[in-house]
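Novice: Starting from the known structure of chain W, fit chain E onto it as the hints suggest.
2 protein chains.
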Amino acid sequence: MSTSTQNRGEPVTPVTPAVHTAGVAALLERGRALTTPVLRAVVARLAPPMDSVAAYHFGWIDAEGRPTAADSGKAVRPALAVLSAEAAGAPAEAGVPGAVAVELVHNFSLLHDDLMDGDEQRRHRDTVWKVHGPAQAILVGDALFALAGEILLELGTVEAGRAARRLTAATRKLIDGQAQDLAYEHRERVSVAECLEMEGNKTGALLACATSIGAVLGGADDRTADTLERYGHHLGLAFQAVDDLLGIWGDPVATGKQTWSDLRQRKKSLPVVAALAADGPASRELARLLAADAGKSDAEFMDFDEDQFAARAALIEQAGGRDWTSQEARRQHATAVAALAEVELPERVRAELTALADFVVVRER
Amino acid sequence: MSTSTQNRGEPVTPVTPAVHTAGVAALLERGRALTTPVLRAVVARLAPPMDSVAAYHFGWIDAEGRPTAADSGKAVRPALAVLSAEAAGAPAEAGVPGAVAVELVHNFSLLHDDLMDGDEQRRHRDTVWKVHGPAQAILVGDALFALAGEILLELGTVEAGRAARRLTAATRKLIDGQAQDLAYEHRERVSVAECLEMEGNKTGALLACATSIGAVLGGADDRTADTLERYGHHLGLAFQAVDDLLGIWGDPVATGKQTWSDLRQRKKSLPVVAALAADGPASRELARLLAADAGKSDAEFMDFDEDQFAARAALIEQAGGRDWTSQEARRQHATAVAALAEVELPERVRAELTALADFVVVRER
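For the protein sequence lines, the chains are W and E, in the order given.
Going by our numbering, the residue at position 307 of the first sequence is 307; the numbering climbs one at a time, nothing skipped.
Going by our numbering, the residue at position 46 of the second sequence is 46; the numbering climbs one at a time, nothing skipped.
In case anyone wonders, no lab produced these hints; they're calculated from the structure.
Mixed in with the good hints there might be a few duds.
Copies of the same chain are indistinguishable here, so a pair counts whether it falls within one copy or spans any two.
What the hints assert, rightly or not - Cross-link-like lysine to aspartate or glutamate pairs, in silico, DMTMM-like; alpha carbons within 20 Å at most:
no.: 1; residue 1: Lys130; residue 2: Asp117
no.: 2; residue 1: Lys173; residue 2: Glu154
no.: 3; residue 1: Lys267; residue 2: Glu300
no.: 4; residue 1: Lys130; residue 2: Asp62
no.: 5; residue 1: Lys173; residue 2: Asp51
From a predicted model like this one, the values you see are computed outputs, not experimental measurements.
Next comes chain W alone, as it looks inside the complex (with noise of 0.2 Å):
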């Protein structure tokens, strides 16, 4: 158990690799200025008006329709795809309608679980529900989903049929998850293994997908593309408990999110189930901390002050979730690194596919 008295603002992540920042952010700055424009001319096939709300909903227009330059997240999922046509000895473009593909699945599942979760902001501006109602959001989200399939599949070769295969099966992963994240809301107690399944399914499936798409489409054989789709797996896994880290103890300056965000929304995230499922006096001070909160309505819990979210993160570290989230990351990211051992690449990709993995779990939003 730890007794580490780490503050936030420090790196959530004690390990700290070799990243070189400049060269990620080029890499993940080609996999955007490669997928972007390709995004937009698909998303502008919609018909009225669900071309505007998916606008709305990418960050390209504000809700009154003007144009904007919202954040439009990391895009560790297209810079993937670019390099996994490239692992594959194929140009960067070949990952393209891939990479387009798993970005409208991304945006096609965050439309509706936003909606399901009752979710009102994402990125620092009101969700596509609660500016353009729940049909609209059900519907632009279906849309989504169907224009994925359509640009994979128009392209007419075998390579896109197995593309879009991968994609599908990727996607009844991440309803999977979904389902247990529904699902584990109304428990009390949700195990380590069952929170590791659900963030398989719900991060670890679609970046797995990222990262074999482009191969597939470049001409990849299966084992190869598995081999990539592992490498990705895992990484999906330590991006994920890097972000469950973020949500408690990342800095609100860096991640555009509230202090204590995971803590505001009651979520079941790694650090809290590993703290609960460790022994002692915090974890059991914690489990009957949250049980109480339980049973606190939406109203009653808002007006909780920054000494009680922070007295249940303190409870959380004290039981050991923080560092068992941190060494997890760690884990993850080695086994995703050394996936890459298993698999012929030319050498430029390798690098490129392990300073993305290290930038994953030193990142601070």
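Specialist: Below, chain E alone, put in the same frame as chain W:
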């Protein structure tokens, strides 16, 4: 303009082609028998509780989870999909994955549309969102859509990729149609052309896909598939025109719906928009009444007695909306049957596709 005084209970379409009822019943039963076991097995792939929610939606279990034998619909699409395979000279079984995929997409759209439209009943039962909540309706709809892609793409053939592409195109039209339906709800006037376009998207596209998907899986070329799709599109428009007639003048005992069902829901269906588009005193009086209705709350509207709906139905008929829609059903039927002449088909298949088209226009439920 018609001044006919036909009563409810009479056939809604004056045309009576030589339909061999027993033969059509056998065709529908064959499609159902080939499709249902595979559909059930595919739905059983869903993780709990999605499998039960889907089974409830399909009418296989009741809200308490007990097996039931609820009305599972007419099963026109499965019958078309297996006939479609035979149209390409393949065995009926080759069309089954297509039939299942089309049924999955159809039911995905029902789950989401019922929630978007706030419909509380379907086939005499509470809708999924009423019984299991909006989140499950969204999630299980998504899951059925994903399963549709899965069952086709796991075949792993070039033909399956082409079939999946056609299904995706049809799904996009389905979504376009629902977007139009939602938009028209808030408009005072909808033109006949707009109504026909919406019905082509909401009903024509998936029926068209059902009619070509078996042939595509059976190895047909694009020209054959396109011609079959044209037959299916016009069949779908004929089907919907008849549905719109049954929605006002159908016999409640046969349809299982309330009297004046579409009028109670203030649907801008074909007979209504055709009547409003006509000239003359009945059309103007109808427009006046419907404009006043639009200002009423649902509760006020529910208090209407039979006579008030009967008066509206009589005005629609006097303004020619009923006759125009009957003629439209016959026009679409004739165009569908004419398309069949443009393609080489085994004679039995041609006869059966013709019999199904005849059935669609004379059916009373």
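Novice: Each hint: holds or not?
Specialist: Here's how the hints hold up against the structure:
In this assembly of identical chains, Lys130 and Asp117 lie within 20 Å of each other by CA distance both inside one copy and across copies; the values are 12 Å within and 17 Å between. In this homomeric assembly, Lys173 and Glu154 come within 20 Å of each other (Cα to Cα) only across copies, at 16 Å, whereas the closest approach inside a single copy is 24 Å. Taking the shortest Cα distances, Lys267 and Glu300 sit within 20 Å of each other inside one copy (17 Å), while across copies they are farther apart (44 Å). In this assembly of identical chains, the alpha carbons of Lys130 and Asp62 lie at most 20 Å apart only when taken from the same copy (13 Å versus 33 Å across copies).
Taking the shortest alpha-carbon separations for Lys173 and Asp51, only the inter-copy value of 14 Å comes in at or below 20 Å, while the best intra-copy value is 27 Å.
Taken one by one, the earlier hints all hold for this structure without exception.
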